[in-house]
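So the chains spell out like this:
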Amino acid sequence: MKIEVQNYKDTRSGFGDGLLEAGKRNPKVVGLTADLTGSLKMGDFAKEFPNRFFQVGIAEANMVGIAAGLANGGYIPFTGTFANFSSARIYDQIRMVVAYSNKNVKICASHAGVTLGEDGATHQTLEDIGMMKMLPNMTVLVPCDYNQTKAATIAAAEHDGPVYLRFGRPKVANFTPADEPFVIGKAQMIQEGKDVSIFACGHLVWKAIEALPILKEMGINAELINIHTIKPLDVEAVLKSVAKTGCVVTAEEHMRNGGLGDSIAQVLAMNNPKPLEMVAVDDVFGQSGTPDELLKFYHLDTPDIVEAAKRAVSRK
Amino acid sequence: MIIKIKKFKFAEENELKLYFDNIMTINELKDVASQVRRDIIRMVHGCQSGHPGGSLGATDIVTALYFDQMHIDPKHFRMDGAGEDMFFLSNGHISPMLYSILARRGYFPVTELATFRRLGTRLQGHPTPVEGLPGIRVASGSLGQGLSVAIGAAQAKKLNGDDSLVFCLMGDGEQEEGQIWEAAMYAPAKNVDNLIAIIDYNKKQIDGSTDDVMNLGNMRAKYESFGWKVYECDGNDMQEIVDNLKEARENAHQGFSQIILAHTEMGFGVDFMMGTHKWHGTPPNDEQAANALSQLKETLGDY
Numbered sequence: 001m002k003i004e005v006q007n008y009k010d011t012r013s014g015f016g017d018g019l020l021e022a023g024k025r026n027p028k029v030v031g032l033t034a035d036l037t038g039s040l041k042m043g044d045f046a047k048e049f050p051n052r053f054f055q056v057g058i059a060e061a062n063m064v065g066i067a068a069g070l071a072n073g074g075y076i077p078f079t080g081t082f083a084n085f086s087s088a089r090i091y092d093q094i095r096m097v098v099a100y101s102n103k104n105v106k107i108c109a110s111h112a113g114v115t116l117g118e119d120g121a122t123h124q125t126l127e128d129i130g131m132m133k134m135l136p137n138m139t140v141l142v143p144c145d146y147n148q149t150k151a152a153t154i155a156a157a158e159h160d161g162p163v164y165l166r167f168g169r170p171k172v173a174n175f176t177p178a179d180e181p182f183v184i185g186k187a188q189m190i191q192e193g194k195d196v197s198i199f200a201c202g203h204l205v206w207k208a209i210e211a212l213p214i215l216k217e218m219g220i221n222a223e224l225i226n227i228h229t230i231k232p233l234d235v236e237a238v239l240k241s242v243a244k245t246g247c248v249v250t251a252e253e254h255m256r257n258g259g260l261g262d263s264i265a266q267v268l269a270m271n272n273p274k275p276l277e278m279v280a281v282d283d284v285f286g287q288s289g290t291p292d293e294l295l296k297f298y299h300l301d302t303p304d305i306v307e308a309a310k311r312a313v314s315r316k
Numbered sequence: 317m318i319i320k321i322k323k324f325k326f327a328e329e330n331e332l333k334l335y336f337d338n339i340m341t342i343n344e345l346k347d348v349a350s351q352v353r354r355d356i357i358r359m360v361h362g363c364q365s366g367h368p369g370g371s372l373g374a375t376d377i378v379t380a381l382y383f384d385q386m387h388i389d390p391k392h393f394r395m396d397g398a399g400e401d402m403f404f405l406s407n408g409h410i411s412p413m414l415y416s417i418l419a420r421r422g423y424f425p426v427t428e429l430a431t432f433r434r435l436g437t438r439l440q441g442h443p444t445p446v447e448g449l450p451g452i453r454v455a456s457g458s459l460g461q462g463l464s465v466a467i468g469a470a471q472a473k474k475l476n477g478d479d480s481l482v483f484c485l486m487g488d489g490e491q492e493e494g495q496i497w498e499a500a501m502y503a504p505a506k507n508v509d510n511l512i513a514i515i516d517y518n519k520k521q522i523d524g525s526t527d528d529v530m531n532l533g534n535m536r537a538k539y540e541s542f543g544w545k546v547y548e549c550d551g552n553d554m555q556e557i558v559d560n561l562k563e564a565r566e567n568a569h570q571g572f573s574q575i576i577l578a579h580t581e582m583g584f585g586v587d588f589m590m591g592t593h594k595w596h597g598t599p600p601n602d603e604q605a606a607n608a609l610s611q612l613k614e615t616l617g618d619y
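Quick mapping for you: the protein sequence lines, in order, are chains A and B.
Quick note on our numbering: the first sequence kicks off at 1 and runs consecutively.
Quick note on our numbering: the second sequence kicks off at 317 and runs consecutively.
Possibly wrong hints are sitting among the right ones.
What the hints assert, rightly or not - Computed beta-carbon distance windows for the label pairs:
(1) B/D528 with A/A88: 28 to 36 Å
(2) B/K538 with A/I58: 41 to 49 Å
(3) B/D479 with A/P50: 17 to 25 Å
(4) B/E548 with A/A88: 35 to 43 Å
(5) B/E548 with A/D160: 40 to 48 Å
(6) A/N272 with B/G477: 37 to 45 Å
(7) B/D479 with A/Q191: 53 to 61 Å
(8) B/S365 with A/E236: 37 to 45 Å
(9) B/D479 with A/D160: 24 to 32 Å
Stated by the list, open to error - List time: in silico DSS-like cross-link candidates among lysine-lysine, alpha-carbon distance up to 25 Å:
(10) A/K216 with A/K194
(11) A/K28 with B/K594
(12) A/K24 with B/K545
(13) B/K506 with A/K47
Everything labelled a hint here was simulated from the structure, so no lab data went into it.
All values reported here derive from a predicted model rather than from experimental measurement.
Ideal Cβ placement from N, Cα and C applies to all residues, glycine included.
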């Protein structure tokens with residue numbers, strides 16, 4: 001893939017624009033929010049399709065229930081609120097009326113991870129990927145930039161079944177091609193290499209891209225694969241890459257327990273055990289700070305990926 | 317008995333238009349309810365688990381809905397409920413009652429009631445659409461969620477220009493769940509007027525009376541203050557139930573949400589199961605089951 005930064009945009013705007021586009025393509029697409037229309041960038045959809053937009057107020061549990069009812073009636077509801085309130089707060093509701101009941105609800109979770117920033121740990125969910133991937137029937141998407149989040153939103157609308165779509169708050173490099181369709185369950189090759197496989201998702205894909213030239217200078221030819229679909233995991237792509245490189249780094253803005261690295265570790269342990277280093281949050285809550293400060297503090301930054309790759313290669 | 321043959325025919329052949337014309341007499345509805353109560357006892361006794369008390373208490377309400385008031389097409393069950401009335405059971409633990417009524421109404425063979433709660437059954441302990449049981453649209457059992465789903469289904473009907481109605485039965489103990497009040501606030505605020513909620517108001521829950529566990533206070537005043545039109549009736553008096561449902565039907569589509577507080581008796585129809593919360597989730601033994609069945613007329617033939 002040719003990596004070219006087109007601009008700097010927030011992934012939540014990718015969601016908002018994707019939702020508008022999905023709404024234009026399919027009249028069954030409806031939106032719901034729990035008092036966060038602006039934060040989730042759902043305003044354009046609400047303006048374009050006022051009859052298909054439901055302001056539920058600060059009542060996330062009710063929102064998910066209503067979404068399940070709308071889905072039962074043949075609609076494709078997209079619920080929008082912060083990631084923490086899209087997951088932990090309403091886990092049982094999602095489990096029972098969405099996942100277990102297999103309703104076509106798209107749970108759209110913004111401001112995920114520490115890059116939410118100054119609001120602090122109460123809002124910085126680092127557990128949601130784990131919770132969501134444990135639910136049968138649930139598809140878990142973590143796109144990496146504006147373009148990909150927009151495409152993922154459109155793909156979620158076309159996918160029949162529950163989806164958890166995770167994205168973030170800050171403006172980040174927008175580098176994936178605008179016209180690239182999002183294929184659920186198909187890992188995205190960013191750069192081929194032979195010495196170490198880096199599997200990253202979300203904001204940390206860009207951090208991993210920044211690590212590539214640094215590693216190259218050190219003589220490490222890294223392969224970078226964007227795992228934008230945590231579930232169903234592209235096991236074939238993972239194993240193929242690992243067979244070639246022989247060691248692995250995972251990078252995610254999430255707790256180590258239950259995250260992408262956990263999923264990859266399971267695949268490795270069961271199929272082809274190889275050295276694995278995880279760039280993730282190590283069993284602690286976040287705190288207030290700027291996104292960049294927090295990525296550094298929690299060792300989720302480019303130098304951390306570089307160090308992890310060095311450790312992985314040395315363990316081969 | 318004439319009614320026995322006639323109702324079996326309904327269950328087997330689904331003569332839908334007869335119900336649309338609302339021809340069932342109160343006594344016929346009572347006969348159906350009696351058979352449903354027999355089914356409940358036999359199902360719960362058969363697998364030695366389940367919730368007989370609430371099931372018996374709510375039988376009359378749901379019998380009136382499915383055999384008289386709702387416009388439905390059991391033989392052609394549609395998950396989306398397009399063009400027909402829909403029912404959501406929020407307090408899913410009273411599943412034996414719903415399963416019996418669905419079977420007796422023709423959604424699936426009555427013989428399947430014998431599989432209740434057994435490995436591989438479509439009649440799971442709590443209702444779920446996962447096993448493909450006709451008549452079930454969403455899982456329930458984790459309390460407090462049904463009203464929200466029913467609201468969503470009602471909103472979908474509005475978007476579709478579908479004039480049919482959505483009904484939702486909740487427990488009274490379930491009113492202690494916070495999500496109920498999120499939904500209770502939403503429906504009147506958003507003019508959800510194609511929804512009729514019903515509370516199975518038996519004033520009992522697992523740990524005892526609702527007064528002791530969590531005093532529900534004045535439920536009428538609570539719902540009225542949230543903006544609902546509130547009805548109250550004896551939920552074990554078939555005539556009162558039918559009258560209230562009919563009135564609520566007629567008042568639908570007028571810009572306000574409606575709820576019926578149906579005062580019921582847990583265990584209704586079986587003397588030793590009434591007046592106590594003991595039978596909330598306890599199955600009868602052989603002797604108790606025989607005693608219970610001796611009090612309930614077999615009207616449609618046991619499964």
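Tested hints:
A hinted range of 28 to 36 Å holds for the C-beta pair B/D528 and A/A88, which are about 32 Å apart. At about 20 Å, the CB distance of B/K538 to A/I58 disagrees with the hint of 41 to 49 Å. Checked against the given bound of 17 to 25 Å, the beta carbons of B/D479 and A/P50, roughly 22 Å apart, stay inside it. Restraint check, B/E548 to A/A88: a C-beta distance of roughly 39 Å satisfies the suggested window 35 to 43 Å.
For B/E548 paired with A/D160, a C-beta distance near 43 Å keeps the hint of 40 to 48 Å intact. Take A/N272 and B/G477: their Cβ atoms lie about 56 Å apart, and the range 37 to 45 Å is violated. Checked against the given bound of 53 to 61 Å, the beta carbons of B/D479 and A/Q191, roughly 58 Å apart, stay inside it. Evaluation of the 37 to 45 Å hint for B/S365 and A/E236 yields a pass: the beta carbon distance comes to about 44 Å.
Distance hint check for B/D479 and A/D160: the Cβ-Cβ separation is about 28 Å, which falls inside the suggested range of 24 to 32 Å. For the given pair, A/K216 sits about 11 Å from A/K194 by alpha-carbon distance, which is consistent with the 25 Å threshold. With a C-alpha separation of about 47 Å, the suggested pair A/K28 and B/K594 falls outside the 25 Å cut-off, and the hint is violated. Proximity of A/K24 to B/K545 is assessed by CA-CA distance (about 38 Å); at most 25 Å being required, the pair is judged violated.
Taking the CA atoms of B/K506 and A/K47, the gap is near 18 Å; set against the 25 Å cutoff, the hint holds.
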